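FYI, the working numbering numbers position 15 of the sequence shown as 25, with every residue one higher than the one before it.
In short, the hints are calculated from the structure, not lab data. There may be inaccurate statements among the hints.
Stated by the list, open to error - Ranges between beta-carbon positions, derived for each pair:
1) Val92 with Ser24: 33 to 43 Å
2) Asn35 with Gly55: 47 to 57 Å
3) Ile88 with Gly28: 27 to 37 Å
4) Arg85 with Lys26: 19 to 29 Å
5) Pro33 with Ser99: 29 to 39 Å
All values derive from a computational prediction rather than experimental measurement. Just so you know, even glycine gets a beta-carbon here, dropped at the ideal spot from N, CA and C.
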Amino acid sequence: MKAPHPLRDTLRDSTKHGVSELPVNWWVQPSVIRTFSSRGDMSMGTAAAGSNMTFSPSRNGTSLDLQAGLEARVRENITLGVQAGYAHSVSGNSAEGYNGQATLNVTF
11 MKAPHPLRDT LRDSTKHGVS ELPVNWWVQP SVIRTFSSRG DMSMGTAAAG SNMTFSPSRN
71 GTSLDLQAGL EARVRENITL GVQAGYAHSV SGNSAEGYNG QATLNVTF
């Protein structure tokens, strides 16, 4: 398998708004993401001649992204958090999809 270094430039413009009222904090972050010439070819195959296959994902376009999160202090030293988001392609061949994350922070 061969995966060369991809060439990609991304421009992201966003603003973040949140409220910090302990024990619960929340935030919302809308973004516009512009990706230029993202290309990363990957080849794989066996030792047999002619068995190589190349996958060439390409990203070049604009996406709108919305991220939101919530963090709650459940004890003096324990914080639970969740974050979720969605990116929507508005032009070109840009990224689109859902994401999420859950966190547990313990302070000693």
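With respect to the beta-carbon atoms only, verify the hint that Arg85 and Lys26 lie 19 to 29 Å apart. holds, 27 Å
CB of Val92 to CB of Ser24, is that within 33 to 43 Å? violated, 19 Å
Is 27 to 37 Å a correct range for the gap between the Cβ atoms of Ile88 and Gly28? violated, 20 Å
Beta-carbon spacing of Pro33 to Ser99 - inside the hinted bounds 29 to 39 Å or not: holds, 37 Å
At the C-beta level, are Asn35 and Gly55 separated by a distance inside 47 to 57 Å? This hint holds: roughly 50 Å between Cβ atoms.
The earlier numbered hints that this structure contradicts are 1, 3.
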